[in-house]
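**Q** Sequence:
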Amino acid sequence: MNIDIIEKLRSENRKTFNELLNLMGEDGFRKAPKEDAWPAAAQFHHIYLAKKRITELVKGFTQDLQNTGDTSVTEVPVREIFGEITYDQMPDLPAPGTEPDSDLSKVLLMTMMEAVCTEMDGYFEVCKTHDCSAMTAKHPFIGLLNCYEWFYFEGIHERSHLGHIRSEYL
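Each residue of the sequence shown is one higher than the last, beginning at 1016 in my numbering.
Just so you know, these hints were derived from the structure itself, not from any lab.
Beta carbons: idealized from backbone N, C-alpha and C, even for Gly.
Certain hints may be false.
[What the hints assert, rightly or not] List time: in silico DSS-like cross-link candidates among lysine-lysine, alpha-carbon distance up to 30 Å:
{"#": "1", "residue 1": "K1067", "residue 2": "K1049"}
{"#": "2", "residue 1": "K1153", "residue 2": "K1067"}
{"#": "3", "residue 1": "K1153", "residue 2": "K1143"}
{"#": "4", "residue 1": "K1067", "residue 2": "K1046"}
{"#": "5", "residue 1": "K1121", "residue 2": "K1049"}
[Claimed, not checked] If you anchor each label on the Cβ, the simulated ranges turn out as follows:
{"#": "6", "residue 1": "K1023", "residue 2": "E1134", "range": "18 to 26 Å"}
{"#": "7", "residue 1": "N1033", "residue 2": "A1149", "range": "30 to 38 Å"}
{"#": "8", "residue 1": "K1121", "residue 2": "S1148", "range": "33 to 41 Å"}
{"#": "9", "residue 1": "N1017", "residue 2": "F1156", "range": "17 to 25 Å"}
{"#": "10", "residue 1": "I1018", "residue 2": "G1158", "range": "15 to 23 Å"}
{"#": "11", "residue 1": "L1185", "residue 2": "K1153", "range": "32 to 40 Å"}
{"#": "12", "residue 1": "S1175", "residue 2": "E1050", "range": "19 to 27 Å"}
{"#": "13", "residue 1": "D1146", "residue 2": "S1182", "range": "35 to 43 Å"}
{"#": "14", "residue 1": "D1116", "residue 2": "S1175", "range": "19 to 27 Å"}
{"#": "15", "residue 1": "S1148", "residue 2": "G1043", "range": "36 to 44 Å"}
{"#": "16", "residue 1": "T1144", "residue 2": "H1179", "range": "30 to 38 Å"}
{"#": "17", "residue 1": "E1041", "residue 2": "R1181", "range": "17 to 25 Å"}
{"#": "18", "residue 1": "S1117", "residue 2": "E1140", "range": "31 to 39 Å"}
Using the sequences provided together with the hints, build the complete structure.
**A** See the structure below:
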């Protein structure tokens, strides 16, 4: 997995998240584009919650590494982070712990997102200087992903939701 691609994706997403959030008026932020859709506030919060869960996952990958330099850790218990998810669940349902809250303010959401991005940045820096490709955890729908693939998955997930917000909410 190319670190530069992941880094560019993460940087672009961070910028786009803030731009879209700033473009959204308070009324638009609280409304859903159609009856069965989440309000924009919930979309943004879902992005944050998913990033937070994946940050917890990569923290598990890097915790021992930061202390010992050992990259032999192979399986992080993803269940402890995402909860019980089964393969027969609909893939378009949010993972447990990522159900969004529509009542958050834009300022609070931006502050929370910046904090989790900064935390994830630290773990990403560790993974840039060590070979973390043997560190894996099983995604309930995609299968086994290594540390770098989790960073990439998080970026693609966020980009997908941001594209949806841009096309459906603005």
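**Q** Which numbered hints does this structure break?
**A** none
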